[in-house]
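S.K.: Sequence:
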Amino acid sequence: MLDARAKQEYQRRIAELREQLEDLRERGDEDRAARVENEIDFLLREFARAVGLGGRDRRAGSAAERARLNVTRAIKSALQKISEHHGQLGDLLDRSIRTGSFSCYLANSRNPITWRFSLDNGVKPSVGVEVTAPVFSRPQTSLVQSLGDRTTFVGRETERSALSRMLERALGGDGGVVMIEGALGVGKTRIAAEFAAEASARGFVTLVGSCYDRENSLPFNPFVEILESAMAQSTSQEAFRTALGNDAGEMARLMPQLRRLFPDIPAPLELSPEQSRRILFNAVVELLGRTAANGPMLLLFEDLHWADEGTLSLLNHIARSISKLPVLMLGTFRDNEIDSSGPLAQTLDELLRIHMLERINLRGLPQSGVVEMIRALSGKEPPQAVVNLIFSGTDGNPFFIEELFRHLVERGKLIGANGEFRTDVNLAEIDVPQSLRLVIGRRFARLSDEARKILGPAAVIGRSFTFELLEASTNLDADSLLDCVEEVEKAGLIYSTLGYPEASFQFSHELIRNVVLGDLSAPRRQRLHLNVVSGIERVHVNALEDHAGDLAHHLWQAGRAADPDKTVQFLALAAQQALKQSAYEGALRYFQNALELLKVLPYSQERARRELDIQLDYGLALLATKGWYAPEMGSTYRRAHELCQSLDDDHKLFSVLSGLWSYHLVRGEHTMAISYTDEMTRLAPRMQNDGMLVQADWASGCSRFFKGQFTQAHECLERGRGLYDRQRHKALAFQFGQDPSVSCHSFDAMTLWILGYPDQAEKKAQEAIRLARDLGYPFTLTWCLSMIGMYYSMRRDYAGAERVIEEGLTLTKEYGFSFFAESLIAYRLIGAAFQGRIDQMTTGGGKEGGFAAAGYELAHTWARSSIAEALGNLGQVDIGLALLAEARELMERNDERYVESEIYRIHGELKLKQAPRTSSTSTGVSKAASEAEQSFLKAVEIARARSAKTLELRAAVSLSRMLMESGRQAEALPLLQPIHDWFSEGFDWPELLAAKSMLADLKSTSVSAADPKRPISSLAR
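Mapped onto the numbering used here, the consecutive letters of the sequence shown carry residue numbers 128 to 1148.
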């Protein structure tokens, strides 16, 4: 049966062949003319068989009827060919094989036959591998079984050997990760598929998930596809539900449709994004472990260069848990499309660090591999000229080789009339395409107009698409669309897979899809994206939220053709879902697009409220990815502040004020920051929410600490800790970015230490870490470790600092908190400097420019002055003084006073060290000593005024040491004794022990008369 279009194609081809026949006869090429004449006869017979009387169209049967007739015809044709070669076998099969609605082989029970199959002439059978496992029992239908239709796999012996070794290790219970990297078309997917086939044959459950080239990648998409594949391979839905067990709720976060299939799945818990992510990750590992207990598993991740941050974090998390499981993870990515500082590169570095990664770098095939590939494609031994031609035109890229070979054969440029390779082949005649786009384009040209038209909508949907969505996006009737899809699949441009709950299709290569998209005009692409949106809305009318990411992507790509209000709605929804999954990078892109589009909407109260909600959520995503100090944080919260004022929304205003306080605080803008804490303090009581009071006390205490108001800071922090109730206030962590009680504990530890209570300070530090661990929020724990690292560095406990620094850096790598890494590395550098490890002062990482380049100036007064002191101890006095001058300039500009006394004390120490180096006269040395003494006196005065007993002790020790060395012990004793005796705890604290030792020395030496010109005694108590 032929439709009108097919009849036209037959008639057109017959006319072309008749013209070719006349031309061949004129040139006397009788052999080729005979072959063309035979083809014309064949087409005429087929045409006559496919139409009715008088050439009228035959009525079409149903799709099932068409399939039955095609299968019957194919079986009868195969039996006829078998009979021609082996009459007895043909007769047997003709009697035993039945066709019709169902086709089957009926054995003769009275005369049983034992079948034995053998391979001849080195012909390899198609690969069709049955995957066996207690839960997943259906065969893998996509990647593995598609090998049967592909060309013979050649070369790659070294790579296959390495993969086989990893397979053996996994079978032995030692899991691992393998990454195959290489350029587009080099064969990453093919070798992965071959390996998957081998693994399946050896009993591995093989599950595949892919990443896609989309501006807003769906979070965790490969794992979603793996779950869908697992469901498709399961013996039944009930078996799959049983396999999920108690982790079904977490899996439903990845596959929301599970809740409709299995109503017994409990509702998700209301947790912070960080805690939700941790529970999700652990649930995936638990499910993987239970499944692997029944047999080995292979998880294949395709195109990881397009992976979202969440996918890479989960992959990294799994990798840490499979070292003693029969689980192998295999990934592919394009090595020329990854950012050296991007999330994939960081994931690879981390996997290498924990010794879980085997990397395989694929390059083009050598000439010997090209020879093998051409031999497999043609069934003939290629001459060297052909090998050189194809090798030079493709650089050994297997995909390019195959496409170019097929193109040249179809054009009659590679095989002569005698069926052999042409010996006169040359580059000029063959017109080797400059890029594969031309080759793919020519393959497109062989398609009918209708088939070519469906490629655009399919490519816009994505690398893979379902028939149902394509149908809804094109408005073609099912039969016509099926004809087109089958034509495109027959051309090798796409392939189909049978999964749950329906068949789906995938472009054979992403490059093919890119060529299709490149041929579409921008307005056409926008309209097609809009059609896809309409298709999704029809197909998933009752589950649009489950497809918010797809809708947001297509609406955004549709541009002005889409309703901007609707686009903002789904961008915001997709962003919120990404936040819940802790997929912060994806959430950022959604939020940014939504905010950009909001600008074109007319102002209204509803629009303002929507923008306010988006700005606040955007601030949380920025905090997790870029830190408080990012310029975007300031502009985001300033805009939110304007919206709150216009809407008179006090509840959200408090969150905005908290965000603005954090932003200005970390930039060292303390006057501005403290104005926001005052406003928070005034607003909090009106909210009738003591959680707001806790946050206001934490913010106020923190700002007063950096202003040097230590007594007031301690009061605020103590009050905030007292108001905090762990059960009622656990949600504050993700409302404000971190838990305020942990914050109060951490900063009160530093405050108490400065006030002269080292034992109480250490107790608060340990309570902070313990609470942060118990809460289970990675962001809060990392922040806490960073602050406690600063606390230990300030009290010169570098061993304690290193413990928290190491743990903190591990968390920053695992969760991508790069801004915390900068602080932790700075603390490590300070410790290295004080301990004289100069070699470590220039190592440790950190991005160029660091915090200062981004506007982060908080605590730089302490950091720079501490390094200045350490450099002075190492003999680098001039550099130390320059750094100290920078610290003093920052202190004056930002009014950051908490280490003011330390800056004066360190200045005195450096001046004493500088004097012998720069002055050869006693007058110069005496002048430097006088400057140093005045600095020490100023340090003592400032510390006393602020009740900073620890800093007063340090300044008193420095001044007493100078007085002792100049023979003025009598003046030192009344200076040091009172501050030493003030301390009521910390008697094993090294600095207090050093002061005690100095006092003993002072008392044991002869006391000289004090110089009446020096006002030292005025500082004695």
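Hints in this document: simulated from the structure, not taken from any laboratory. Backbone N, C-alpha and C fix where the C-beta goes; we use that ideal spot for every residue, glycine too. Hints are supplied without guarantee of correctness; some may be wrong.
Stated by the list, open to error - Simulated pairs of lysine-lysine, DSS-like, Cα-Cα distance not exceeding 30 Å:
hint, residue 1, residue 2
1, K1076, K890
2, K890, K1054
3, K857, K834
4, K451, K940
5, K1123, K1076
6, K693, K617
7, K540, K617
8, K540, K507
9, K1054, K1076
10, K451, K540
11, K1040, K1065
12, K693, K779
13, K779, K857
14, K580, K753
As the list claims (entries may be wrong) - Cβ-Cβ distance ranges computed for the label pairs, FRET-style:
hint, residue 1, residue 2, range
15, G300, K726, 51 to 61 Å
16, T279, A618, 41 to 51 Å
17, A1121, E397, 26 to 36 Å
18, N421, R447, 52 to 62 Å
S.K.: Run the structure past the numbered hints and jot down the numbers of the failing ones, going up.
M.R.: Going through the list in order, the structure violates hints 2, 6, 10, 14, 16, 17 and 18 and respects the others.
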